[in-house]
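As a plain string of letters, each chain reads:
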Amino acid sequence: MTLRVHDLRFAYRGDDILRGMSFEVPPGCLAAILGENGSGKTTLLRNLNRLLRPRTGTVLIDGAAVAAMSSREIARHFGYMPQRQEAAHCTLFEAVLLGRKARDGGWTRRKDVEKVEEILRLVRLEHLAMRSAAELSGGELQKVMLARALAQEPKVLLLDEPINHLDPVNQIEVMSLLHAVTRELQVTSLVVTHNLDNALRFADRFLLLKQGRLLAAGGKEILTPETIREAFRIDAVIGEVGGATVVVPTLRGVRSHGHLEASGHVQEHVHEVDDHVYDHDHEEPGRKS
Amino acid sequence: MPETELHARYRRHFQRKLLVGATLVVLSMAAVAISLRTGAFSLGFGDVFAGIAGGGDAVVRHVLWSIRIPQVVAALLAGACLGLSGAVMQNVLRNPLASPFTLGISQGAVFGAVFAIVVLGGGTAAVAEAESAVAASPHVIVACAFAGSLITVAMLVGLSSLRGLSPAALILAGVAISAFFGSGTMLLQYFASDVEIASAVFWTFGDLRKVQWPELGIIAVALGPPAAFFFWKGWDYNAMTWGDDTARSLGVNVHRLRLVSLVLAALLASVTTAFMGIIGFVGLIAPHIVRMVIGPDHRFLFPYAALAGGLLLLVSDLLARTVMAPVVLPVGILTSFAGAPLLLYLLLKHGDIRS
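Order-wise, the sequence lines are chains A and B. Counting from 685, one number per residue, gives the positions in the first sequence under the numbering used here. Counting from 2, one number per residue, gives the positions in the second sequence under the numbering used here.
Worth double-checking, as some hints may not be accurate.
Stated by the list, open to error - Here are the computed lysine-lysine pairs in the DSSO-like style, where the Cα-Cα straight-line distance is at most 30 Å: (1) A:K904 with A:K839; (2) A:K839 with A:K894; (3) A:K799 with A:K839; (4) A:K795 with B:K18; (5) A:K795 with A:K839; (6) A:K799 with B:K211.
To be verified - Facing chain A, according to a computed beta carbon distance under 8 Å, are these residues of chain B, among others: (7) T242; (8) W243; (9) N254; (10) H256.
What the hints assert, rightly or not - Covered stretches of chain B (in silico footprint by chain A; criterion: 3 or more residues with CB under 8 Å from a CB of chain A, positions within the stretch not fixed): (11) 225-239; (12) 303-316.
Honestly, the hints are just simulated from the structure, not real lab data. Glycine residues also receive a C-beta, built at the ideal position from the N, C-alpha and C atoms.
Hey, can you work out the whole structure from these sequences and the hints?
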C-alpha cells in the first residue's frame with residue numbers, strides 16, 4: 685500500500701512546523717525519519733494519521749484520501765506507536781486485542797483471538813500472553829505496542845522513537861522485528877529515530893528533515909557527511925565496522941561549554957565530587973561534569 | 002479447528018471475570034432478601050415470599066410493596082447510578098478521585114434545593130407539617146436541585162469543549178465550582194429562617210425513603226440508556242486507559258466520547274441526588290473495589306461498578322435501619338461514615354489507587 689504525501693503543511697500558534705513535504709513510501713518498505721530535535725519528525729507522523737490536522741496538503745493510501753476517512757477507518761489504515769507509553773493494567777493478550785476491538789467494538793470473536801495469537805507468535809511474546817502489561821520490561825512493552833498496532837491490520841505503521849529507551853540488544857531486536865514484519869506483511873513503515881546506526885542497518889529508505897522541510901529522501905546514499913552536517917549541524921564520519929555502516933559524530937560543531945569551565949563551576953564541581961562521592965573510584969567523576 | 006492452548010487460557014481468564022459478576026449478583030440477592038425482612042415490623046422469609054407473590058397477610062403486603070421493596074429498589078438503582086457515574090468519570094477524567102461529589106455536581110444540587118427552599122418558599126409551607134419539613138412542594142425542590150446540578154454539568158462541559166481543558170484541569174474546575182456553589186448555599190442560608198435552614202440541612206441528608214414508585218420509574222428510565230451506552234462502548238474506555246493519543250490512533254473519537262460520557266454520567270448523578278439528596282462515597286468507592294478485583298477492564302468494570310454500588314448502598318441502608326434501631330438514620334450519613342475509613346483502608350492496603 686503506497687503512502688503518498690503531497691505538500692503537507694502544519695502550523696501551531698503561528699509557527700510553521702511542517703513547511704511543505706512531499707514523498708512516497710512503497711509497501712514492504714521501512715523508512716526512517718531522521719532529523720534533529722524540533723525538525724518536525726513527530727509532527728509529521730501525527731499529521732499522517734490526523735492526530736493533528738494538517739493545514740494543507742494531502743495524504744493518500746493507495747489513492748484514498750486520509751482526510752475523508754472517519755477515525756475508525758483511519759485506525760484500519762494506520763497503526764501508531766506514540767513516543768511515550770505508560771502501560772495500563774491489563775493482560776498482554778487484552779492489550780493486543782484492543783488493537784482490533786477499539787476500532788470494531790462488540791463481542792470478541794474467534795477470529796479476533798486467532799489473530800492476536802498469530803501476532804503474539806510473530807513478536808515471540810505468546811509465553812507472556814496472560815501476564816499484566818504493567819509488569820513488562822521496556823523492550824517487551826515496545827513489542828506489545830508494536831503487536832497491538834499490527835493487530836489493527838494496518839496498511840501503514842507509524843512509530844515514534846520505538847527504541848529510544850531501550851538497551852542496545854533490545855534496540856536491535858525491536859528494529860529487526862520491525863524490519864521483518866514490514867517485509868512479511870508488506871506494510872509501509874515509518875520510524876522516527878535518533879539512532880542513525882540502527883536506522884542505517886534496518887531501514888530501506890531515509891527521510892532527512894530540517895526545520896520542517898525534507899532535506900533529502902532516498903536510500904542509504906543520501907546519508908553523507910554533507911547532509912548530516914546540514915541536518916544535525918555536526919561533523920560526522922561514515923564508515924563500515926564489521927559489515928555495518930556506522931555514523932560517528934566528531935566533536936567539531938558541538939556547542940562548547942567552555943563558559944562553564946571559565947567560570948570555575950565545573951572544576952569546582954568535579955573537585956567536590958572527587959573528594960566526597962567517588963573517593964575510591966576516580967574514573968567516574970568525568971561523567972558527572 | 003480445535004481450540005489452542007492460548008485461546009483456552011484467555012477463555013478461562015474471561016470466565017473468571019464473569020464469575021466475579023455472578024458473585025456480585027448472588028450477594029446482592031442475599032442483601033435484598035435480608036433487607037426485605039428487616040425493619041420495625043420483622044418478617045420471616047416465608048412472609049416475604051408470600052407477600053411478593055401476592056398472597057399472605059394484607060398488612061405484610063402493604064409493608065412490602067409500599068415501604069420495603071421501594072426502598073430496596075431505590076438502593077439498587079441509586080447505587081447503580083452513582084457507581085456507574087463514578088466509574089465513567091474516573092475513566093474519562095483519568096483521575097481516581099473523580100466522582101459526582103468531587104466534580105461539584107452534588108454541591109450544585111444542594112444549591113438548587115436550598116434556593117427552592119429559601120427563595121421559592123419550598124420549605125416554609127412545611128412548618129405546619131412539623132415532622133417532614135421538606136414535604137411541601139417537593140417537586141419544586143427536586144426540579145431546582147436537578148437544575149443546579151445541570152448548571153454544574155453545563156459549566157464543566159462548556160469549559161471542556163470551549164477551552165479544551167485537560168482532564169486534570171476539569172477536576173480543578175470541579176473544585177472551583179463546588180466552592181462557588183458552597184458559598185452560594187451559605188449566602189442563602191445566612192438570610193434564611195431557622196425553619197428554612199432546618200429544611201435545607203434535612204434535604205442534604207441522602208435518604209432512600211424520599212422516593213416512591215413514580216420517582217423510581219423516572220430513575221430507572223434515566224439509568225437505562227446511559228448504562229447501555231457505557232456497556233456497549235467498553236472497549237473504547239479500555240483504549241482510553243492507554244492515553245488520548247493511543248486511544249485516538251485505535252479509532253476512538255476521544256473528544257466526543259469524553260464529552261458524551263461526562264454529560265451522561267453527570268445526569269445519572271444529578272437524577273439520584275435530586276430525588277434522594279447527597280449519598281457520598283458510593284460513586285467513588287464502588288468502582289475502586291471492582292477495579293481491585295478484576296482490573297480496569299471496562300467491559301466488566303462498568304456493569305460491576307453498578308452492581309457493587311447497589312450492593313454497597315443496600316448494605317449501608319440495612320445498617321442505617323438497624324444500628325440505632327428504632328432510630329432510622331439517613332443512609333447518606335452512613336455511607337460517608339463507612340466510606341471514608343474504607344477508602345483509607347484500601348489506600349493503605351494497596352498503597353495506590355488507579356483510575
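Cross-check of the supplied hints:
1. Annotation: proposed proximity of A:K904 to A:K839 holds, straight-line Cα distance about 24 Å (limit 30 Å).
2. The hinted pair formed by A:K839 and A:K894 meets the criterion: a straight-line CA distance of about 27 Å does not exceed 30 Å.
3. For a cut-off of 30 Å, the pair hint linking A:K799 to A:K839 stands: about 16 Å separates their Cα positions.
4. A distance of roughly 21 Å separates the Cα atoms of A:K795 and B:K18; the hinted pair therefore holds under the 30 Å criterion.
5. Taken as a hint, the A:K795 and A:K839 pair is honoured in the structure, with Cα atoms around 19 Å apart against an allowance of 30 Å.
6. At roughly 53 Å between alpha-carbon atoms, A:K799 and B:K211 are farther apart than 30 Å, so this suggested pair is violated.
7. With 8 Å as the threshold, the beta carbon of B:T242 comes within range of chain A, its nearest partner Cβ sitting at about 4 Å, so the hint holds.
8. Contact between B:W243 and chain A, as hinted, is supported at the beta carbon level, the nearest pair being about 5 Å apart and thus within 8 Å.
9. Because the beta carbon of B:N254 sits about 5 Å from the nearest beta carbon in chain A, less than 8 Å, this interface hint is met.
10. Contact between B:H256 and chain A, as hinted, is not supported at the beta carbon level, the nearest pair being about 10 Å apart and thus beyond 8 Å.
11. Counting residues of the region 225-239 of chain B whose beta-carbon sits less than 8 Å from any beta-carbon of chain A gives 5, enough to reach three: the coverage restraint holds.
12. Coverage of the region 303-316 of chain B by chain A is violated [criterion: at least 3 residues with CB-CB distance below 8 Å; count 0].
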